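Make the complex out of the two chains shown on their own, each in a separate frame, by following the hints.
So the protein lines, in turn, are chains D and S.
Okay, so the first sequence: first residue is 1 according to this note's numbering, each after it adds one.
Okay, so the second sequence: first residue is 1 according to this note's numbering, each after it adds one.
Read the hints as simulated data drawn from the structure, not as lab findings.
Be aware that a few hints might be false.
Unchecked claim - With a straight-line Cα cutoff of 20 Å, these simulated SDA-like cross-link-like pairs (lysine to any residue) come out:
id: 1; chain 1: D; residue 1: Lys604; chain 2: S; residue 2: Leu96
id: 2; chain 1: D; residue 1: Lys493; chain 2: S; residue 2: Ser126
id: 3; chain 1: D; residue 1: Lys467; chain 2: S; residue 2: Ala121
id: 4; chain 1: S; residue 1: Lys250; chain 2: D; residue 2: Glu469
id: 5; chain 1: D; residue 1: Lys493; chain 2: S; residue 2: Asp344
id: 6; chain 1: D; residue 1: Lys489; chain 2: S; residue 2: Asp122
id: 7; chain 1: D; residue 1: Lys481; chain 2: S; residue 2: Ser371
id: 8; chain 1: D; residue 1: Lys281; chain 2: D; residue 2: His320
id: 9; chain 1: S; residue 1: Lys284; chain 2: S; residue 2: Asp344
id: 10; chain 1: D; residue 1: Lys489; chain 2: S; residue 2: Thr129
id: 11; chain 1: D; residue 1: Lys467; chain 2: S; residue 2: Asp277
id: 12; chain 1: D; residue 1: Lys481; chain 2: S; residue 2: Gly279
id: 13; chain 1: D; residue 1: Lys489; chain 2: S; residue 2: Ser126
id: 14; chain 1: D; residue 1: Lys493; chain 2: S; residue 2: Thr129
id: 15; chain 1: D; residue 1: Lys481; chain 2: S; residue 2: Leu370
id: 16; chain 1: D; residue 1: Lys467; chain 2: S; residue 2: Asp235
id: 17; chain 1: D; residue 1: Lys467; chain 2: S; residue 2: Leu96
id: 18; chain 1: D; residue 1: Lys467; chain 2: S; residue 2: Glu246
id: 19; chain 1: D; residue 1: Lys489; chain 2: S; residue 2: Ala121
id: 20; chain 1: D; residue 1: Lys481; chain 2: S; residue 2: Gln199
id: 21; chain 1: D; residue 1: Lys211; chain 2: D; residue 2: His320
id: 22; chain 1: D; residue 1: Lys489; chain 2: S; residue 2: Val127
id: 23; chain 1: D; residue 1: Lys467; chain 2: S; residue 2: Trp300
id: 24; chain 1: D; residue 1: Lys481; chain 2: S; residue 2: Gly373
id: 25; chain 1: D; residue 1: Lys493; chain 2: S; residue 2: Asp257
id: 26; chain 1: D; residue 1: Lys467; chain 2: S; residue 2: Asp257
id: 27; chain 1: D; residue 1: Lys467; chain 2: S; residue 2: Val259
id: 28; chain 1: D; residue 1: Lys467; chain 2: S; residue 2: Thr91
id: 29; chain 1: D; residue 1: Lys489; chain 2: S; residue 2: Leu123
id: 30; chain 1: D; residue 1: Lys481; chain 2: S; residue 2: Val127
Fair warning: this is a prediction, and the values are worked out from it, not measured in the lab.
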Amino acid sequence: MKFSLEWLKEYLETEASAAQIAATLNAIGHEVEEIEDPADRLAGFRVAEVLTARPHPDADKLQVLTVSTGEGDPQQVVCGAPNARAGMKGVLGLPGAVVPANGMELRKSAIRGVESNGMMCSVRELELGDEHSGIIELPADAPVGTAFADYHGASPAFDVAITPNRSDCMGVYGIARDLAAAGLGTLKPVAAPEIAGAGACPVEIRIDDPKGCPAFYGRVIRGVRNGASPAWMQRRLLAAGQRPISAIVDVTNYLMLGFGRPAHAYDLAKLTGAMVARRAKAGEQVLALNEKTYTLDDTMTVIADDAGVHDIAGIMGGEHSGVGEGTTDVLLEIAYFDPERIGVTGRRLGLTSDARTRFERGVDPAFLDDGLALLTGLIVEICGGEASETVRAGSPPAAPKIVAFDPALTRRLGGVEIAEAEQRRILEALDFRVGDGWQVACPPRRHDIEGPADLVEEVVRIHGLDKVESVALPRAEGVAKPIATPLQKIERKLRRTAAARGLNEAVTWSFLPEADADHFAEGNGGLWILENPISEDMKAMRPSLLPGLLAAAKRNADRGAAGSRLFEIGRRYFRGEGGASDERPTLGVILAGEKAPRGWATGKAQGVDAYDAKAEAEALLEAAGAPVGNLMVMGEAGPQFHPGQSATLRLGPKNVLARFGALHPNTLKAFDIEGPVVAVEIFLDAIPAKKGAKDNGGGFARPAYAPPALQPVTRDFAFLVPADLAAGDLVRAVKGADKQVIVDARVFDVFAGQGVPEGRKSVAVEVVLQPGEKSFTDAEIKAISDRIVAAAGKQGAELRA
Amino acid sequence: MSELQTRKDEAIAAIDAAETLDALEALRVEALGKQGWISLLLKTLGQMSPEERQIQGPAIQATRGEVADAIAARKAALENAELERRLASETLDLSLPAPQAPRGSVHPVSQVMDELAEIFADLGFSVATGPEIEDDWHNFTALNMAETHPARAMHDTFYFPDEGRGEGAASSSEAVGRQERMLLRTHTSPVQIRSMVAQGAPIRIIAPGRVYRSDSDATHTPMFHQIEGLVIDRDIHLGHLKWTLETFLKAFFERDDIVLRLRPSYFPFTEPSVEVDVGWQDVKGRRVLGGDGDAPGHGWMELLGSGMVNRRVIEFAGLDPDEWQGFAWGLGVDRLAMLKYGMDDLRAFFDGDVRWLAHYGFSAFDQPSLSAGVGARA
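Chain S on its own, in the form it takes in the complex (with noise of 0.2 Å):
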């Protein structure tokens, strides 16, 4: 064995002892710094003879590169060895909580009304407003319930004071409306009127908002949602509302089985007027909407009040009746809400409970749309 050979050996194996890059930085400098071993060694080559050269050439720079390969070996064992120990003391314990966002949540009534704006609208109806302050020629006259009509006193009205406003007749003329005694509206219905004064005909609204009656139990509360929709057109009949109110159904429940009753009824504002009652069926104990109410274990459910606008009421929107007839409907969004998800107590609604509004409120980001289905599911 050579010397050379022995002194590689030797410088490797001191190489893989190094126990630090300190110590491994001193082996380096001892062989290959400027004056290191085999750098002085390459210097010799210079003196030798060719043929000399031809031997100690190869000899020396296969050594000069085994003992560099083992140094940068060592070097990334050890700097390895360096990052698991640094990795080892970083340790977290991940079973600890991370830092909450607060989840936020959208109310049943907006969420309803906003799956409700989405069917409409694909229907060709717009979203009509008015004011909840209204007068009474807007909610009452104006809907073919004249001052001393019985019908008036089942509207458990919220009136403010007169201020003497009641003076003067009424007409059909908003103006003359203003002079009227204000109260809360206790339906949506006076947007009709507003919407017919304001667009003309034909039209097709719905106009959502709150409504006042002064009644409170379990299923009653003073103020609550309701849903107007309103149609006005040449041709409109009976058959269009029954369609227009199946096909809303149909969406909104996102059922087939929506089967609709029609009972005559009674309201000043609609002739003829149509009670609409909804069949049910008992599934787990809950009522829910959909099949004939008829059949066994079935049965019906009142769900809105509608009907063909009473000509006087066009009248009073300053249209003509024998040009324009349609039809009209109102219907508790806080109760659709109630047969859809699931809620009991009407109360709930409006009493803020962080706890009711994180259970049956909806994700931002449940926002309606038709072609996911407006129905946010559980």
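One chain only, chain D, in its complex shape (with noise of 0.2 Å):
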């Protein structure tokens, strides 16, 4: 809400400084977020008298006038205004200044020839009005040389953002009573002046909708002229951001910035009948102010009468009534309505106004007679007129609320120590009534208040939040404990490993375009699609993190990078039972491009390949303690995969922990992306709990460790075997050859080609055998050699001769 200083000043009797009272603002909780001081703005432009004027000798429409202002001497000034005289004064902007409406600074300038010190300016160049036609002109009596700033009585203006729950000051008048009950001066009464109507309203007024209009009063003025407000209102409102209209509805519009009270004025002639707050019809139309039109339904209120709408109550008055030049006759509307219902409406219709902003959030109920006295007055000052008596349909909500306080609680919960006398010096400063027994009755018009809280917020924000002091924590004995939860344990230390592994973190948009999560979406209850996105890239919860990493890796690439090592730990977004989010903890990892650049040593550059992937994989699910030593390499990683080069690592036939691989050509085109991309994709809500060894110590202390005694034995197999044989199920068929004294299996060749038969290859595996107490002898490696060629013979292989 901005407002003058000198409006507030209306209001508030103060010495203090436009500083001191916006440090007080923010102090109280109403954060200035501008002070704009129109003296900087109009700094460079005096009150001038044109001494002379004569034609310019090259322009129809110039005069070149000679302008005192009252120092030096007169100055040359070329105006193509037609209203400029000998012997008037105006506004004088000297060379340096610079006009408000058009930020131009002024210059000497010589204009068709003629010299020229400066320019006399208009009403709408200093932006204090529309009027253009001519140069402003000053009464006779104003004193040439004075800043014009000073002489506009130019006031320093407040821009300040109210909160939500204070519709109370979204009127000067509020804050004024703020400021006043936190010492910066004294709050001013207002007296609503008592005019009598002549004769019975003659419309009128009723209410067939309580609940969303409780209260309608109404008054007519009759004889009105309706020409432009006065000088001082306008700029009371433009220093507001408010555009003066004409009189009246200047008019309201001081009432509702000036007490935060919307009022309407409905143009008398225009109305047929009674007017009724009643229910929308349901497709019934308005046009509204804006000069749109807007269809309405059942649910909202409007102002009616035979004709139809002529407001859509609370929010905005209809076009067709609405008062201009030619009103003679008025009716005016100061009405109650429901906070809630205006909210509904005002979104439903996506329409807002300074109106709705107050209705909805709550105006003063106790303030309808005084509002229509106050607007009466003014119209009748300013316009003439006679007003009948006011009709009143239905009546405000009225019963006060009345909080039990403790004044304990103010140390209790605001931690800071007030005597009870200030407290209650705070909350009758404010308007509360403190009575009996600290029963503190609510100003009306303190919709926010719900309960003792709320007091303590008003004593505490008045007597000064800086006053709180810091008061520490009780905590507990010792050293802290430990509080992470195993998930978070295994991020930290997922993330941590992964960017040791030389992987960046990145973090991408939750959201996709929907053909992004389309591609990697498989079939799990279908996705999470925004309603409202707010473009159509970031329209589908992810399903994977796969598509966000791979997109940062083409902007990586079209960047020029050579190659992108990226991973990311978040959710996956799944529909879960019931409708439910089904967010699943996941860790991705795309590697792009090259893995190792071309070297002197090494030669060609190297792309990433499958088996980088799985080498992340493992080391990844390593760090997240899966049982890796018991995992599977199964196929199926997804259609996103390229067939053959791509994998799951499973616990079991059914529980996939990961799946990694090259990345499927259609994906990469996709995409829009060269390759070679591979990826890791690692579940890790999938990962089993390690089981904890509670009574080992603490879980700290790990198995007894005893070196064998003996040097481990190594012993080469060359086996020949089917062509599609996996070689990790012929490394599974010899370590279980004898669990016992196998300790490892390791394929060190696999060779296909020359010398090997058609459908079959080499594959070549170092076993490792670990002796007991003794060595072995012959014999017994024998019968071990004997037993591993058995089981790989059952794989389909045989050993090389």
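See below:
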């Protein structure tokens, strides 16, 4: 909300400076976003007198003036205004001054060959209004040479953010009350003028929707002249950011900005029959003052006459019955609308207005009669006319809220000791009435007060939050206890392991283009699709971390990066039971482009391949505490992957802990990225919890370790196997041949081609045998070897001759 | 000069002149081999008279020793020369690049979250989480923002299509909450409710995580990170809130001169509500937190919203507000990272640009710890 210091002083007796007021506003909860001092904008503009005026020698519409500012020689100024003439007083902008309306700096210049040393300004040029038909004419007694800002009464304007709970401060008077309570001056009472009505109100006023409109008061004024409002009012409205329109409209705006009280004025000539607050009929239309047509429904409250709707209640008046220049008789409306109804209607229509903002936050229900009297008084004073009596339909909610308060709560909740007398003073200055036993009656305008905590807030904010002293939280004995959950620990360890392995952690959007999400969705019960995405690129919640990382890798490639090694730890989003969200912790890795650049020793650059993905998958699974020794490599990483270069890592046939491999060429095409690109996705929720060894020295002690007494023995076996046999199956068979003695088996050579029969390949396995207490005899080694060959034979392997 | 002497001198001269190990070996066989002249001379000792043996024995033994020493010395010299030659042929240009291991990094958001967890663990807070796809009840209603509450409009909420789940009156039960419309949580505050419902009181948690608002410019992204703090106990007041925030910020920025300014504000879920500003000073054109914001050349910046938890929120979470009270706050994690580590564009956080990640990211081994200081210096 914006208002000028001068307007504030209408209601607050104070000597405080603008800076002091701003500091106090901040301290009591009204954040000052800006102080605008028009004196800054009007610097360089002075009250001046036109001494002579003669026609420009070379231009019909221009005149050459000599203008005095009271000091030095009169200045020659070229002026195009028709009203410029000798003897008048106006406003001269001197060279160096900046014209507020267009930001142009004035300077000495020649206009059609005649020197001009400044500019005589119009109202619009100084942003004081819309008038631009001529230059400003000041009264004859205007003191020549005075800074125009001083003459004009330019006053600093505050732009204050009013929090939504304080609708009572959406008018200057409410702010004045708060400032007075904070000790910045004395609140001046505003007496509503008693204007006796001449006869009954000629318009019938009725409420058919008492829930939406509990109270509707009206009054007619006949014989008004709706010209321009007076300069003092225009100045205040302009400072508040409100354009002056006509006297009657300005007066309603003045009441709204001054007292937070929206009201409406109808042109009586355009009304037919009774004015009724009723529900709109479904489909009923109204052309509002913003020149847009709104289609209403039957949940909305309107003010209508026999002919139709004239007001979307509490939000915006109708264009048809608004007052204009020719208006002579007006009907004033001041009503109390249900705040919730206003909010819902406004949201449904997508229509905001100053009135809606106030009504939906709640206006003062006790200010209908006074508001109407102020409105009537100002209109009669400015526009003349004769007012009728007030007609009242319904009544606003009146029961005052009583809060049982305990002043000790201020310390208990607010942490600051404030004497009871001071607490009472603060509450009463804010218009609360403190009764016996601290039964506190709230002013009806304070819709935000629900209970004692709200009163603590009132007391503490006026007393000063800066007086709250820090008090240490009680802390537990000893060293802080570890509190991370198992998943948090896994995520932290994984993150740092991945970084240590040379992967860069990225954080990518949780939402994706729907097509990208679809590409990675796999019948998991559907995607979460936003109803109101910020763009089509951010529409579907990701079912995988890979598309986001892939898009990042593409951006990096487009920027010329030879390769990307990215990982992310985050959630995948699925639909859970009963429509709940099923969010699964996941680690994604994308390796794209070069693994190693071309090198003097290694030759050509090496691209990433599926085994790089496997290395990351295994290392990271191990860091996550998965039993990597027991994992099986099985197919079906998903259609996004290369069918022959990808796999899953499973614990048992069903529990997929991770998938990895090269991505399918179609995936790369869909993401418009060049290969090679390989990926890993680890499903953290699938990793079984580590079995705690609780009865083993508190879980920290390792199993006892006894190094074997004898050195292990290594034997190599070269097998011919069917070409499609997975090496892993062969190794598992070999290891299974003697689980006690064979401690490791590792493929060290794979070969097909010359010397190997068609349809077969040669796989060489190094087997490590660990003797126990005694060395193996030749016979024992032979027996183990035979078992190994037999076990391999079951996989279709034969020992190579 | 005796004949023995002459022969010895000749042999040693030949040994010293030997050019190769093979030549040296031939000389050794010639002198010391089974049929070598020194070996043969030694054999003659047996036929000598004791007197003669007294004289000749030591002379021949001495000759054998000298020749053997000469051979050993020459052998070492020749081997050394051979090694020198080999080493000379093995010289590498060590200015050539060695194989590089890729350098990884931890994202600043993760780093800062780890730092926060470390600091708050010491203050007795645990880390809580909750769903990002939330229901209306947890995100708004239970936080004292009823359907028609004007503050809801300020949240720029992302919604999922209404699937008729809004039917049926909402009340303070989670089961009913599930019936509500689904949305992307606009703040981490629903974790307050979930934690209170699940754990009861007393409670001290922080809840970091992703939050979403339909807003996008240089300082707003539709997804960002917040950290929620919640303390519920018996006698907790605003003074504790102030101390907690001061203590955490001092630890986080590793500065003792952090000054906070509390201003009254409004949030539906707290009462009283407090906006917290922190003093900053200009250091070489950069705003650095620390110092009194009112000092000349200093200023205040808005840092976070907080307050005493509204008793209705405590009720919604199933606790007795006459017994339990406490405070809560919400703070932007990305913003904290920017203030501490000097990034200036929030959008870059979510781009995955490897150059940015390498520049602003952290080593795997910059694990925050209280003993070493939670921050990683440039």
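Verification of the hints:
1. Between D/Lys604 and S/Leu96 the CA atoms are separated by roughly 16 Å; this keeps the pair inside 20 Å, and the hint holds.
2. For the proposed pair D/Lys493 and S/Ser126, the alpha carbon gap of about 18 Å is at most 20 Å, so the pair holds.
3. The straight-line distance between the Cα atoms of D/Lys467 and S/Ala121 is roughly 29 Å, outside the 20 Å bound, and the hint therefore fails.
4. Taking the CA atoms of S/Lys250 and D/Glu469, the gap is about 16 Å. The hint holds against a cut of 20 Å.
5. Distance restraint check for D/Lys493 and S/Asp344: the Cα-Cα separation of roughly 29 Å exceeds the 20 Å cut-off, and the hinted pair is therefore not satisfied.
6. Of the pairs offered as hints, the one joining D/Lys489 and S/Asp122 holds, with about 17 Å between alpha carbons and a cut-off of 20 Å not exceeded.
7. In summary, the hint linking D/Lys481 to S/Ser371 is supported, as the alpha carbons are separated by about 15 Å, within the 20 Å threshold.
8. For the given pair, D/Lys281 sits about 19 Å from D/His320 by alpha-carbon distance, which is consistent with the 20 Å threshold.
9. Between S/Lys284 and S/Asp344 the CA atoms are separated by roughly 15 Å; this keeps the pair inside 20 Å, and the hint holds.
10. A distance of roughly 14 Å separates the Cα atoms of D/Lys489 and S/Thr129; the hinted pair therefore holds under the 20 Å criterion.
11. Restraint check for D/Lys467 and S/Asp277: the C-alpha separation of about 15 Å stays at or below 20 Å, so the hint holds.
12. With a CA separation close to 32 Å, the supplied pair D/Lys481 and S/Gly279 exceeds the 20 Å bound.
13. Between D/Lys489 and S/Ser126, the direct Cα distance comes to roughly 13 Å. Compliance with the 20 Å bound is thereby established for this hinted pair.
14. A hinted pair counts as satisfied when its Cα atoms are at most 20 Å apart, and D/Lys493 with S/Thr129 qualifies at roughly 18 Å.
15. For the given pair, D/Lys481 sits about 13 Å from S/Leu370 by alpha-carbon distance, which is consistent with the 20 Å threshold.
16. Distance hint between D/Lys467 and S/Asp235 is fulfilled; the C-alpha atoms sit about 19 Å from each other, no more than 20 Å.
17. Proximity of D/Lys467 to S/Leu96 is assessed by CA-CA distance (about 67 Å); at most 20 Å being required, the pair is judged violated.
18. For the hint linking D/Lys467 to S/Glu246, the alpha-carbon distance of about 15 Å falls within 20 Å, and the restraint holds.
19. For the hint pairing D/Lys489 with S/Ala121, the CA-to-CA distance comes to about 14 Å; that is within 20 Å, so the pair holds.
20. Taking the CA atoms of D/Lys481 and S/Gln199, the gap is about 18 Å. The hint holds against a cut of 20 Å.
21. A threshold of 20 Å between alpha carbons decides the hint, and for D/Lys211 with D/His320 the separation of about 26 Å lies outside it, so the pair is violated.
22. Taking the CA atoms of D/Lys489 and S/Val127, the gap is about 11 Å. The hint holds against a cut of 20 Å.
23. Straight-line distance between C-alpha atoms of D/Lys467 and S/Trp300 comes to about 18 Å, which keeps the hinted pair within the 20 Å bound.
24. In summary, the hint linking D/Lys481 to S/Gly373 is supported, as the alpha carbons are separated by about 18 Å, within the 20 Å threshold.
25. Distance check on the hinted pair: D/Lys493 and S/Asp257 sit about 34 Å apart at the alpha-carbon level, beyond 20 Å; violated.
26. With a C-alpha separation of about 19 Å, the suggested pairing of D/Lys467 with S/Asp257 holds against the 20 Å cut-off.
27. With a C-alpha separation of about 14 Å, the suggested pair D/Lys467 and S/Val259 falls inside the 20 Å cut-off, and the hint holds.
28. Between D/Lys467 and S/Thr91 the CA atoms are separated by roughly 76 Å; this puts the pair beyond 20 Å, and the hint is violated.
29. This hinted pair checks out: D/Lys489 and S/Leu123 have alpha carbons roughly 19 Å apart, not beyond 20 Å.
30. For the given pair, D/Lys481 sits about 12 Å from S/Val127 by alpha-carbon distance, which is consistent with the 20 Å threshold.
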